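Enquirer: Please build the complete structure, drawing on both the sequences and the hints.
Chains as they are written, first to last, in my numbering: chain A, 12 to 228; chain B, 12 to 228; chain C, 12 to 228; chain D, 12 to 228.
It is worth saying that the hints were derived from the structure and are not from the lab. Heads up, some of the hints might be wrong.
Intra- or inter-copy, both count: the list cannot distinguish identical chains.
[Said to hold, decoys possible] Restricting the straight-line Cα-Cα distance to at most 20 Å, the calculated cross-link-like pairs of lysine to any residue (SDA-like) are:
1) K226 / A131
2) K226 / P158
3) K143 / M200
4) K143 / A98
5) K143 / R198
6) K143 / G42
7) K143 / A95
8) K143 / H184
Predicted model, so just to flag it, every value in this text is computed and none were measured.
Number of protein chains: 4
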Amino acid sequence: MKDDAYAIDRDRLQECARQIADAGRELGARGWTPATSSNFSMRLDADHAAVTISGRDKGRLGIDDIMVVDLAGRPIGTDARPSAETALHTQVYRRFAQAGAVLHTHSRTQTVASRLYAGAGAIRFEGWELQKAISGYTTHESVLDLPVFPNTQDMAELVDRVDAWLDAGRPLHGYLIDGHGIYTWGRDMGETKRHLEAFEFLLACELDLLQLRGKQA
Amino acid sequence: MKDDAYAIDRDRLQECARQIADAGRELGARGWTPATSSNFSMRLDADHAAVTISGRDKGRLGIDDIMVVDLAGRPIGTDARPSAETALHTQVYRRFAQAGAVLHTHSRTQTVASRLYAGAGAIRFEGWELQKAISGYTTHESVLDLPVFPNTQDMAELVDRVDAWLDAGRPLHGYLIDGHGIYTWGRDMGETKRHLEAFEFLLACELDLLQLRGKQA
Amino acid sequence: MKDDAYAIDRDRLQECARQIADAGRELGARGWTPATSSNFSMRLDADHAAVTISGRDKGRLGIDDIMVVDLAGRPIGTDARPSAETALHTQVYRRFAQAGAVLHTHSRTQTVASRLYAGAGAIRFEGWELQKAISGYTTHESVLDLPVFPNTQDMAELVDRVDAWLDAGRPLHGYLIDGHGIYTWGRDMGETKRHLEAFEFLLACELDLLQLRGKQA
Amino acid sequence: MKDDAYAIDRDRLQECARQIADAGRELGARGWTPATSSNFSMRLDADHAAVTISGRDKGRLGIDDIMVVDLAGRPIGTDARPSAETALHTQVYRRFAQAGAVLHTHSRTQTVASRLYAGAGAIRFEGWELQKAISGYTTHESVLDLPVFPNTQDMAELVDRVDAWLDAGRPLHGYLIDGHGIYTWGRDMGETKRHLEAFEFLLACELDLLQLRGKQA
Numbered sequence: 012m013k014d015d016a017y018a019i020d021r022d023r024l025q026e027c028a029r030q031i032a033d034a035g036r037e038l039g040a041r042g043w044t045p046a047t048s049s050n051f052s053m054r055l056d057a058d059h060a061a062v063t064i065s066g067r068d069k070g071r072l073g074i075d076d077i078m079v080v081d082l083a084g085r086p087i088g089t090d091a092r093p094s095a096e097t098a099l100h101t102q103v104y105r106r107f108a109q110a111g112a113v114l115h116t117h118s119r120t121q122t123v124a125s126r127l128y129a130g131a132g133a134i135r136f137e138g139w140e141l142q143k144a145i146s147g148y149t150t151h152e153s154v155l156d157l158p159v160f161p162n163t164q165d166m167a168e169l170v171d172r173v174d175a176w177l178d179a180g181r182p183l184h185g186y187l188i189d190g191h192g193i194y195t196w197g198r199d200m201g202e203t204k205r206h207l208e209a210f211e212f213l214l215a216c217e218l219d220l221l222q223l224r225g226k227q228a
Numbered sequence: 012m013k014d015d016a017y018a019i020d021r022d023r024l025q026e027c028a029r030q031i032a033d034a035g036r037e038l039g040a041r042g043w044t045p046a047t048s049s050n051f052s053m054r055l056d057a058d059h060a061a062v063t064i065s066g067r068d069k070g071r072l073g074i075d076d077i078m079v080v081d082l083a084g085r086p087i088g089t090d091a092r093p094s095a096e097t098a099l100h101t102q103v104y105r106r107f108a109q110a111g112a113v114l115h116t117h118s119r120t121q122t123v124a125s126r127l128y129a130g131a132g133a134i135r136f137e138g139w140e141l142q143k144a145i146s147g148y149t150t151h152e153s154v155l156d157l158p159v160f161p162n163t164q165d166m167a168e169l170v171d172r173v174d175a176w177l178d179a180g181r182p183l184h185g186y187l188i189d190g191h192g193i194y195t196w197g198r199d200m201g202e203t204k205r206h207l208e209a210f211e212f213l214l215a216c217e218l219d220l221l222q223l224r225g226k227q228a
Numbered sequence: 012m013k014d015d016a017y018a019i020d021r022d023r024l025q026e027c028a029r030q031i032a033d034a035g036r037e038l039g040a041r042g043w044t045p046a047t048s049s050n051f052s053m054r055l056d057a058d059h060a061a062v063t064i065s066g067r068d069k070g071r072l073g074i075d076d077i078m079v080v081d082l083a084g085r086p087i088g089t090d091a092r093p094s095a096e097t098a099l100h101t102q103v104y105r106r107f108a109q110a111g112a113v114l115h116t117h118s119r120t121q122t123v124a125s126r127l128y129a130g131a132g133a134i135r136f137e138g139w140e141l142q143k144a145i146s147g148y149t150t151h152e153s154v155l156d157l158p159v160f161p162n163t164q165d166m167a168e169l170v171d172r173v174d175a176w177l178d179a180g181r182p183l184h185g186y187l188i189d190g191h192g193i194y195t196w197g198r199d200m201g202e203t204k205r206h207l208e209a210f211e212f213l214l215a216c217e218l219d220l221l222q223l224r225g226k227q228a
Numbered sequence: 012m013k014d015d016a017y018a019i020d021r022d023r024l025q026e027c028a029r030q031i032a033d034a035g036r037e038l039g040a041r042g043w044t045p046a047t048s049s050n051f052s053m054r055l056d057a058d059h060a061a062v063t064i065s066g067r068d069k070g071r072l073g074i075d076d077i078m079v080v081d082l083a084g085r086p087i088g089t090d091a092r093p094s095a096e097t098a099l100h101t102q103v104y105r106r107f108a109q110a111g112a113v114l115h116t117h118s119r120t121q122t123v124a125s126r127l128y129a130g131a132g133a134i135r136f137e138g139w140e141l142q143k144a145i146s147g148y149t150t151h152e153s154v155l156d157l158p159v160f161p162n163t164q165d166m167a168e169l170v171d172r173v174d175a176w177l178d179a180g181r182p183l184h185g186y187l188i189d190g191h192g193i194y195t196w197g198r199d200m201g202e203t204k205r206h207l208e209a210f211e212f213l214l215a216c217e218l219d220l221l222q223l224r225g226k227q228a
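Expert: This is the structure we're talking about:
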């Protein structure tokens, strides 16, 4: 694994920073990154990723709000401290060779759903046409599980839970953390935004249905 | 039926593409086309329609995201594959000589209502002034039925259900598909957007009323 | 009462048309004028008002979408047909010498509340600080009643109900029509928009409270 | 305490007015300042603050909508009458030496929550990751209390209740007033907006959870 900043393709970094800033502006405008929460990343190459620096306003990101880490989460060519949650981003790049981008947001719907289904450990989606927006799903008759992991300030514990789910051979396209928000990913930023939008929509529909089920005449 | 691209009026096609792109931007901004879902079309002439190509971001449509099909749904002058759902658009143009545009969207309200009323097979609107926004309705004292058809990945089955409803002589200005979204149409894009807005509003009011009915002091 | 178009101050008409178009754009952007519904007016002088022409998109009004009527609702200097609901606007200018503007909108909240409280005949607001946004109210300890009148396509019937309320000496700053929307007014467009925003807010809070009351731990 | 206008740093005042106007535009666009409600302030120096003048549209503030008061709430170098609620702003600057900005808004969520929890006297947040957006909180395992004080038109009474809470040594980062809205503050405008966004988000999640708790399958 390389550990010097000279190995980084600066054009690729610029392009990733631009795509991350664009995504931040869009998601911020929807209110999915309240109070400087959330973080975003993109894969730079086999060994590195570009991630947002902790505590910045995600609706107004610039190149200075992005840093480079290796896939162990160590900062490259900077003194900036990466967010503790960087470990969850780099895990995705290590476990999914095809993953090119990771989005972590805190929408009201994501956060409320995470609390509501924390006990069950997962939310199961069935019968929604929009399940087809998740890569690999071709019919609303499929079953799509979004796990909810317990929240902790110890990232190693969360990394272990995600590893355990994957090591059990269960499909994984995203996950919620209890009281906290969602992580999802895809081949590139476009697919990752599509996955995020689909999960947000499915969660919102599921919560509405919980409220209304059994009330119609 | 003509099957060559030379028969198409290019100015009409340009104008339709512009109107479809404008509608997409508006409806996308409202969140009614999540995760690249939804599709839109306009009638070009007695035998052809312009439809959106599957999988594009509906908030950012350009002329290259639109293709021409005949009313049997066959692509004209292009190798692009039309969306499977094109069959539902061309059916509208075949069955309604006056129909000039079709909008299919996936708002949260449309999708949740479709699940909730799938068992009943239709939602009945009564007593709402906005029923008058649907062409041919002149009083809130009318009754307006919006059917909900079961979802299927087999479009021929859906086409048959719509035909059966129409062949029974029942009025039809739009329909929901369970877990999926709405189809509605009108003489031109303006009337079609008015119909779509009216159905979205009526569905939202009906769901709110379900929640609140019986709770007031 | 004058009945010729020469009596109208063209500068005042231009200014009113501009203020009406601005209000339409703002209220349309909030989704309070779905499917070309709603209508707006301003007083021109002691005997005339400028009102929106029926069926136009309220988010995109121009000077051509506005017409002049006398306070009996008769068109002045135009062949355009005023909306049937013009009678409710001119009634306000006849009954309230100080009224300078009237806004009629159809938000989801206004419409749902009108259905929910139609049986009671009015919604009573108590204990909300924002009651002070209605002219003449100086404390949240006041009581503010917003009547709900039955809907009808016969405007004369509605005019009679409003007259009856006022003739009984009851205070009136706006009213709902069942399944339909709100009417409110003020000295000028600024005060009228403040009244409309306040009623919308109070209705939304009241509906939320209905939902949640009794559920807190 | 100085009482002449010459003591004020005009550059600091200009800068504060700009930051207050920017915050007003942002918060107005979110609908948190309905019907000219709400007020905002920033500390100018040890003895003075800049506050918004009562009754102005908070989404369109200019330098003329801002006035200077001393920390007893007396106007400095102006005949404008400060809002009655100015006393709640100056109290924050007196009690918290580090406080640099105060935001008071009236969102629907804040207002409804205040009514719902007025009886309990406070809302307790537990288990939400976003509690960490409040200065001094480093884990979702902390407990965060937001008090709800009874509404009154007598500001001295409210000032006394806030003083009593603080004199009892209880932590305070913001408070609700029943039927009215929220007050929150921070070191500077950036931290204050983060606190406001975090409280709004936490309140919205708490209300959603009240609705949904116990309904999941």
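Enquirer: Now tell me, hint by hint, if it's right for this structure.
Expert: So, going through the hints one by one against the coordinates:
no., hint, result
1, K226 / A131, "between (24 Å within a copy, 13 Å between copies)"
2, K226 / P158, "between (28 Å within a copy, 19 Å between copies)"
3, K143 / M200, "within (18 Å within a copy, 28 Å between copies)"
4, K143 / A98, "between (29 Å within a copy, 19 Å between copies)"
5, K143 / R198, "within (16 Å within a copy, 31 Å between copies)"
6, K143 / G42, "between (25 Å within a copy, 18 Å between copies)"
7, K143 / A95, "between (33 Å within a copy, 13 Å between copies)"
8, K143 / H184, "within (13 Å within a copy, 27 Å between copies)"
Checked against the numbered hints listed earlier, the structure breaks none of them; every hint is satisfied.
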